[in-house]
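Engineer: Let's have the full structure, built from the sequences with the hints guiding it.
If you read the protein sequences in the order shown, they are chains L and F. All letters in the first sequence, in the order written, are residues 1 to 293 by our numbering. All letters in the second sequence, in the order written, are residues 1 to 466 by our numbering.
It should be emphasised that the hints constitute simulated quantities derived from the structure, not laboratory data. All values derive from a computational prediction rather than experimental measurement. A portion of the hints provided could be inaccurate.
Claimed, not checked - Cβ-Cβ distance ranges computed for the label pairs, FRET-style:
id, chain 1, residue 1, chain 2, residue 2, range
1, F, 453, L, 60, 15 to 25 Å
2, L, 99, F, 119, 35 to 45 Å
3, F, 103, L, 33, 42 to 52 Å
4, L, 116, F, 393, 27 to 37 Å
5, F, 412, L, 270, 47 to 57 Å
6, L, 176, F, 141, 50 to 60 Å
Where a beta carbon is used, it is the ideal one built from N, C-alpha and C, also for glycine.
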Amino acid sequence: MKNTLRNPYVYLMFIVPTLVLYFLFFIYPMLQSVYYGFTDWNGLDEKNFVGFENFVTAFSDEVFRQSIWNNVIFILFSVFIQVPLIIFFAILISNVTKLQGLYKTTVFMPSILSTSVIGILWGFLYEPEEGIINGFLGLFGVPDIYWLAEEKWAMLAILITNAWQWMGFFIVLILAAILAVPREINEAAGIDGATAFQRAWYLTVPLIKPIISVVVMLSIAGAMKVVDIVLVMTDGGPINSTEVMASYMVHESISNGKYGYGTALSIIIFAFALVLTALYQLTIGRNQERIEY
Amino acid sequence: MKKNLLMLLVLFLACSVVLAGCGNGNNGENAKNTNTANEPKAEEPKTEEPKAEEPAAVEPFTVSLRHIQIGDAQKNRKAILDDVVKKTEEEVPGLKFELDGVEDSVNRFTKLPAEMAAGNPPKIFDLFGGAGDALKFAKAGRLLDLTPIIEELGIKDKFLNLNQFTLDGKVYGLPIGGSSEGFYYNQAMFEKYGLKVPTTWAELETAAETLKKNNITPFASGSKAAWVPNMLVNTLIGRYAGPESIDGFAQGTAKWNSPEVVAAYAKYEEWVKKGYFTKGELGKEYADQMNEFVQGKAGMLFDGSWRSSVFKDEAQAFALTNKTGYFAMPAVDGGKGDQTFINGNYSNGYGFSADLKENELTAVKAFIKNLFNEEMQLRGLLEDGLLPSIQLSDAAMGQATDPIVKQVLDTYKNAKGAFSHFDSTIQSDVYKETEAELQKLIAGKTTAQKVGDAIQKAQDAANAKK
Numbered sequence: 001m002k003n004t005l006r007n008p009y010v011y012l013m014f015i016v017p018t019l020v021l022y023f024l025f026f027i028y029p030m031l032q033s034v035y036y037g038f039t040d041w042n043g044l045d046e047k048n049f050v051g052f053e054n055f056v057t058a059f060s061d062e063v064f065r066q067s068i069w070n071n072v073i074f075i076l077f078s079v080f081i082q083v084p085l086i087i088f089f090a091i092l093i094s095n096v097t098k099l100q101g102l103y104k105t106t107v108f109m110p111s112i113l114s115t116s117v118i119g120i121l122w123g124f125l126y127e128p129e130e131g132i133i134n135g136f137l138g139l140f141g142v143p144d145i146y147w148l149a150e151e152k153w154a155m156l157a158i159l160i161t162n163a164w165q166w167m168g169f170f171i172v173l174i175l176a177a178i179l180a181v182p183r184e185i186n187e188a189a190g191i192d193g194a195t196a197f198q199r200a201w202y203l204t205v206p207l208i209k210p211i212i213s214v215v216v217m218l219s220i221a222g223a224m225k226v227v228d229i230v231l232v233m234t235d236g237g238p239i240n241s242t243e244v245m246a247s248y249m250v251h252e253s254i255s256n257g258k259y260g261y262g263t264a265l266s267i268i269i270f271a272f273a274l275v276l277t278a279l280y281q282l283t284i285g286r287n288q289e290r291i292e293y
Numbered sequence: 001m002k003k004n005l006l007m008l009l010v011l012f013l014a015c016s017v018v019l020a021g022c023g024n025g026n027n028g029e030n031a032k033n034t035n036t037a038n039e040p041k042a043e044e045p046k047t048e049e050p051k052a053e054e055p056a057a058v059e060p061f062t063v064s065l066r067h068i069q070i071g072d073a074q075k076n077r078k079a080i081l082d083d084v085v086k087k088t089e090e091e092v093p094g095l096k097f098e099l100d101g102v103e104d105s106v107n108r109f110t111k112l113p114a115e116m117a118a119g120n121p122p123k124i125f126d127l128f129g130g131a132g133d134a135l136k137f138a139k140a141g142r143l144l145d146l147t148p149i150i151e152e153l154g155i156k157d158k159f160l161n162l163n164q165f166t167l168d169g170k171v172y173g174l175p176i177g178g179s180s181e182g183f184y185y186n187q188a189m190f191e192k193y194g195l196k197v198p199t200t201w202a203e204l205e206t207a208a209e210t211l212k213k214n215n216i217t218p219f220a221s222g223s224k225a226a227w228v229p230n231m232l233v234n235t236l237i238g239r240y241a242g243p244e245s246i247d248g249f250a251q252g253t254a255k256w257n258s259p260e261v262v263a264a265y266a267k268y269e270e271w272v273k274k275g276y277f278t279k280g281e282l283g284k285e286y287a288d289q290m291n292e293f294v295q296g297k298a299g300m301l302f303d304g305s306w307r308s309s310v311f312k313d314e315a316q317a318f319a320l321t322n323k324t325g326y327f328a329m330p331a332v333d334g335g336k337g338d339q340t341f342i343n344g345n346y347s348n349g350y351g352f353s354a355d356l357k358e359n360e361l362t363a364v365k366a367f368i369k370n371l372f373n374e375e376m377q378l379r380g381l382l383e384d385g386l387l388p389s390i391q392l393s394d395a396a397m398g399q400a401t402d403p404i405v406k407q408v409l410d411t412y413k414n415a416k417g418a419f420s421h422f423d424s425t426i427q428s429d430v431y432k433e434t435e436a437e438l439q440k441l442i443a444g445k446t447t448a449q450k451v452g453d454a455i456q457k458a459q460d461a462a463n464a465k466k
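Structural biologist: So this is what it looks like as C-alpha cells:
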C-alpha cells in the first residue's frame, strides 16, 4: 500500500481523468469562444478569420461605447449611493430591539424574487398614467413622467429597481457583521458620552470595514455583469439609452446574428471585469487589516 | 469503523450520481409534459388504439412543432392548427407531435436564430420569409427543400405567392396566409365627432386633428419594438416613393435619402410633432397599442389584417366588438407611382428542418397536405379573418361575411397590386438601422433627412458586401 502511494503514476491516474474533463468542459469551450471572437461568424455560414477587426469595430461602435458608459454609471451608483445607504439601513436595523427579525425579512424579500418578476412589478409602478409613482408625484403637481420611455429617465428607473432588488441582500450581510461586534465596545462608548452618530461613524463602520470592502467588490462585479433587469424592463431602449455591455452583446450576437462580433464583445466584458476587480483588490482590498475584537 | 465510513461515503456518492441521472431524466420528461400541458390530450389514446389492433407494431416517434399561436388573439389559429395536428397524427402511424408555443418575436429574433446556429431547430417551425429569415437559413442549408413535396401533392401552383420563400427556384417554406396593413378605426367615435371614413389624405388628417383636439390619441402606437411603427413607415414609403422602391433599395435602384423616401419620413415626423401618436410610445409593447385602441383611448390603429379577428370577439374587443372598421391608406398628395397599391405579404408560414428521418419526412408531408389545402384556408378566412395564401374560388371567398374581413378583401380588390415589407427585401443590417433611426425620429433626436442619410449609408455598406 505504501509503495503504491509512492508511485507517481498512481497520482497521475487519479488526476488525468479530472484534467481531461476540466479541459473538455471549461478550457476548450473558452478557447473556442476566444477564437470565435476573431471571426465574422454569423451562426450559419463558414467562419472567416478577421483578426482584430471585431475589437476595432467595438470601440468605434457608438452604441457599445454608450453601453460601457452605462456600466460605469451602474458601478458609480452602486458604490457611492447604494453602499452608503446599505450601511445606513444596516446600522438602523441593528439598533432596533423590537421586531428586528421582521425588518430583516422585509428588506431581504426582494432578493429572493426573480429579476423578471421584479422588472414586471416595477414596470407597473412606473406606468405613466396609472402607476403609483406618477400618482404620488402628481400629488405635488409633478406632470406625468414617462419613466421607461424617455431617455433621460429610463436609466435612473432601472438603477432604482436594481438597487431595490439587491440592497436587502447586502444589508443582511452587513447586519451580520455589525451584530458580531461585541456589545461591550458600543456600550462603553455610550457611557463615555458618544452620541449614536459618533458611535456609528467612529466605531461600527471602522470595525466592519472588511465586510464593507467585500460588499463594494461584489457591487462592482454585479454592476459589470448586470443584464437581466435591463432586458426585462427596457430591452436596452429607448434608443439604446439603457443598453449595458452584456445586453448589447446579447442583441448583437443573437438578434442580429453576429456571433463573432458578440463573442468579441464578451471577451472585452471579461477583460474589463477582470481588470476592475484586480485593481480593486490590489489597491483598496489589500489594505484591509484583520480586525480582532 | 473508518473503513465502514469510507464505504458509506462511496456508496452515498455512487447513489447520488445515479439519482442525479434519474433527476435529469425526470426533469426532461416534466419539461416535455409542461410544454404539452395546454394541448388537448384526447388524441393520445387514439394513437395507441391502432397499435393494439395491428401487432405489426409501428415504432412510435415524436416530431417537434414550434408555433406562435399563443394568447387570446391567436386562439382561432391555434384551434385550426390543433385540428391539423390531430388529423395528421391519426394518419401517420406512431406519430406524436410535440407542440411548442413560443411568442412570435421571441421565436423569430431569439430562439430560432440560436437554434439555427446550433443546428438543432425543431422539425417543423413557424418561419418568416425574406432575406433576413427563410432565405438566410436556406442558404446555410438548414431548411428542407419543399419543391418535390408540393409537386407531389399537386399544390405547387395553387399558392398565390411564394417569392419570399423561394431561393434559386426552390421553395423552402409555405406561407400560411396573406396579410395587408391598414387603419382600423373606432366607428362609434367617428360617428360622435362627425368624421368620415377617410378616402383621401385630407380626410385622414382631418380625422386625426379632430381626435387630437378632443384629447383622444389619433393613432394608438406601441413602439418599444420598432417593427411596429415600421409597418406605417413601410406603407408611407410605398405611397410617397412608389411601390417599386421597396424592392429597389437592395437592388440599388432606390435610395433612402431620395426626396421621395425622405418625404415619407417627414410625414411621420410631422405626425410625431403634432402628437398624433401615443404618448410614451417608446415604452409600450405591441399588445399595448391594441389595448389602448379597444379601451377607446385612441381613435385609429395602424395594424395588420391578421388582427381582425380580435374585433369580433367580445372577450377581447369589449365595447368595440363589431364596431370597428378598416380602410387602406389613402393616396398621398404628390406621391409617386400607383396610389392604389397596398402592402401585401405572404411571409409568415411554416418551414421544416433539413435534417429529417424517413418517418419524420412522412409526417411532414402529411402535415403539409392537411394544413395547406382549400378547406383549411377557408377555415382560416372564416374563423380567423386570415387572408388565404392558396387560391380559393369566388364562391368560397364569398362566404366571408365578417364586415372587417370584407373590408380587407375589398381593399385587395380595389388595389392594382401590392408591395411587400421592406424587412423581407433589405438586408438585416439595414433593417436594424431603419429600426434604430425610426426610434430616434420618434424621440425627436433626429430629422427625416438624417434618417434617410443614415439608412442609405447602411444600405450602401450592405450592398457593397455582395
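Engineer: Would you mind marking each hint as holding or not holding in the structure?
Structural biologist: Here is how each hint holds up against the structure:
A hinted range of 15 to 25 Å holds for the C-beta pair residue 453 of chain F and residue 60 of chain L, which are about 19 Å apart. For the hinted restraint 35 to 45 Å between residue 99 of chain L and residue 119 of chain F, the CB-CB distance of approximately 57 Å leaves it violated. Checking the proposed 42 to 52 Å range against residue 103 of chain F and residue 33 of chain L shows it is violated: the Cβ atoms sit about 28 Å from each other. For residue 116 of chain L and residue 393 of chain F, the hinted distance range of 27 to 37 Å is not satisfied, since their beta carbons lie about 49 Å from each other.
Range check, residue 412 of chain F to residue 270 of chain L: Cβ separation about 54 Å, and the 47 to 57 Å hint holds. Between residue 176 of chain L and residue 141 of chain F the beta carbons are some 58 Å apart, a value that agrees with the proposed interval 50 to 60 Å.
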